[in-house]
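When you get a sec, could you build the whole thing from the sequences and use the hints?
There are 2 protein chains.
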Amino acid sequence: MQLLKDRIIKDGKIRFGNVLKVDSFLNHQMDIELFSEIGKEFKNRFIEDEVTKILTIEASGIGIACIAAQYFKVPVVFAKKNQTKNIAGDVYTGKVESFTHGRTYDIIVAKEFLQQEDKVLIIDDFLANGSALLGLTKLVRDAGATLVGAGIVIEKGFQEGGELVRSHGVRVESLAIIDSMNEEDGLVFRN
Amino acid sequence: MQLLKDRIIKDGKIRFGNVLKVDSFLNHQMDIELFSEIGKEFKNRFIEDEVTKILTIEASGIGIACIAAQYFKVPVVFAKKNQTKNIAGDVYTGKVESFTHGRTYDIIVAKEFLQQEDKVLIIDDFLANGSALLGLTKLVRDAGATLVGAGIVIEKGFQEGGELVRSHGVRVESLAIIDSMNEEDGLVFRN
Chain A
1 MQLLKDRIIK DGKIRFGNVL KVDSFLNHQM DIELFSEIGK EFKNRFIEDE VTKILTIEAS
61 GIGIACIAAQ YFKVPVVFAK KNQTKNIAGD VYTGKVESFT HGRTYDIIVA KEFLQQEDKV
121 LIIDDFLANG SALLGLTKLV RDAGATLVGA GIVIEKGFQE GGELVRSHGV RVESLAIIDS
181 MNEEDGLVFR N
Chain B
1 MQLLKDRIIK DGKIRFGNVL KVDSFLNHQM DIELFSEIGK EFKNRFIEDE VTKILTIEAS
61 GIGIACIAAQ YFKVPVVFAK KNQTKNIAGD VYTGKVESFT HGRTYDIIVA KEFLQQEDKV
121 LIIDDFLANG SALLGLTKLV RDAGATLVGA GIVIEKGFQE GGELVRSHGV RVESLAIIDS
181 MNEEDGLVFR N
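Protein sequence lines, in the order shown, are assigned to chains A and B.
Each step along the first sequence adds one to the number in full-length UniProt numbering, with nothing skipped, and position 180 is 180.
Each step along the second sequence adds one to the number in full-length UniProt numbering, with nothing skipped, and position 86 is 86.
In case anyone wonders, no lab produced these hints; they're calculated from the structure.
Here the structure is a predicted model, which means the values were calculated and not measured.
Warning: the hint list may mix true and false statements.
Since the list can't tell identical chains apart, any single copy or any two copies may satisfy a pair.
Pairs of lysine-lysine, PhoX-like flavour, derived with a Cα cap of 20 Å [unchecked claim]:
1. Lys5 to Lys21
2. Lys81 to Lys21
3. Lys40 to Lys73
4. Lys13 to Lys111
5. Lys138 to Lys95
6. Lys21 to Lys43
7. Lys5 to Lys43
8. Lys21 to Lys111
9. Lys119 to Lys138
10. Lys40 to Lys81
11. Lys43 to Lys81
12. Lys119 to Lys43
13. Lys13 to Lys119
14. Lys10 to Lys119
15. Lys40 to Lys95
Listed below in structure tokens is the structure:
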């Protein structure tokens, strides 16, 4: 998606430790007009899949998932990272290792919101080590629902996540795949 | 907002300890068509305020804020609850006491995303003890920006938050204010 790649080049900042800061438009401040274009692109890529539900994970996936959901005309469910007293015990659970935060946490979705009849599209902002996406995939499969695929905004193609998740039979559509990045030479996108 | 009140009566569940579960449409599974109507209503209520930015807090405020932002044509910034290594040191900070989680946490916004020229509308799903809203208000005022007001989906009018925040000079527009609720008698909305 050229509009997105151009924006990453213009406003993304490469930081030590393979960190790409896109917090001016994607995951702290959010450019809603860009999100609309991203949502349309996800719809185009999954137009034949009769998606009934979008699943994402708090926090930075939620905005993109909600804007995209307008094009699919389906509800969004977000997996929560900590069990709260507002969640009943009847939940699907998984574990996710966070690259950004350097720790492991539990994710949960209430069983009533993932049904066997659902055709689920997972949406998230980043794919790096693949842990979040595999955790979400497990929730869908535990529910006996159909996993249509995953729509990712930015995939770090130089990390193992994309290959790992695809090897589990998941269709992954990433709108921008970065093959390499460093502070000196900048970004190289996969064609 | 009658559509919202009807939905709360239809799908909200009252639980022990003044807990109102609305996770089938508001803060776990999210009904995006309802969010659009909520967004339009916020726009109507703040139509003359020349809002330049919407501020919310992770996680459950993000979806509503993003959908509402489409009617204001402005970016959304969400306050983060934990400092991550992707956030530079240059941040505004506040403290929030969570009613739901029973603990206190720090919230942060990068200084570059709240400017003195900004006219900020805060959007959140719930107003109960007012702690989150006061924390967000502090961030806006620390930035020297103008706080236009706060758009709240559900206010628990029987808790002290609404009165407390309004006493700090903040204009609060709540789309549904609950004056009392219990498992036997159900919900009573303020007119």
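Consistency of the hints with the structure:
In this assembly of identical chains, the alpha carbons of Lys5 and Lys21 lie at most 20 Å apart only when taken from the same copy (14 Å versus 40 Å across copies). Proximity of Lys81 to Lys21 under the C-alpha cut-off of 20 Å is restricted to the inter-copy arrangement: shortest distance 18 Å between copies versus 22 Å within a copy. When the C-alpha separation of Lys40 and Lys73 is checked against a cutoff of 20 Å, the pair qualifies both within a copy, at 12 Å, and between copies, at 18 Å. Taking CA atoms no more than 20 Å apart as the test, Lys13 paired with Lys111 passes between copies only; the shortest distance there is 16 Å, against 39 Å inside one copy.
In the homo-oligomer, the alpha carbons of Lys138 and Lys95 lie at most 20 Å apart inside one protomer (9 Å), although the nearest pairing across protomers, at 35 Å, exceeds that limit. Taking CA atoms no more than 20 Å apart as the test, Lys21 paired with Lys43 passes in neither setting, with 26 Å inside one copy and 31 Å between copies. In this homomeric assembly, Lys5 and Lys43 come within 20 Å of each other (Cα to Cα) only inside a single copy, at 18 Å, whereas the closest approach across copies is 32 Å. Taking the shortest Cα distances, Lys21 and Lys111 sit within 20 Å of each other only across copies (15 Å), while inside one copy they are farther apart (34 Å).
With identical chains, the CA atoms of Lys119 and Lys138 are at most 20 Å apart within one copy only, with a shortest distance of 14 Å there and 43 Å across copies. With identical chains, the CA atoms of Lys40 and Lys81 are never at most 20 Å apart, being 28 Å at best within one copy and 30 Å at best between copies. In the homo-oligomer, the alpha carbons of Lys43 and Lys81 never lie at most 20 Å apart, since the shortest distance is 27 Å inside one protomer and 31 Å across protomers. Taking the shortest Cα distances, Lys119 and Lys43 sit within 20 Å of each other inside one copy (14 Å), while across copies they are farther apart (33 Å).
Proximity of Lys13 and Lys119 under a CA criterion of 20 Å is satisfied in neither setting, with 36 Å inside one chain copy and 27 Å between copies. For the homomeric pair Lys10 and Lys119, neither the shortest alpha-carbon distance inside one copy (36 Å) nor that between copies (26 Å) is at most 20 Å. For a Cα distance limit of 20 Å, the shortest separation of Lys40 from Lys95 qualifies neither inside one copy, at 30 Å, nor across copies, at 37 Å.
Hints 6, 10, 11, 13, 14 and 15 from the list above are not met by this structure, while the remaining hints are.
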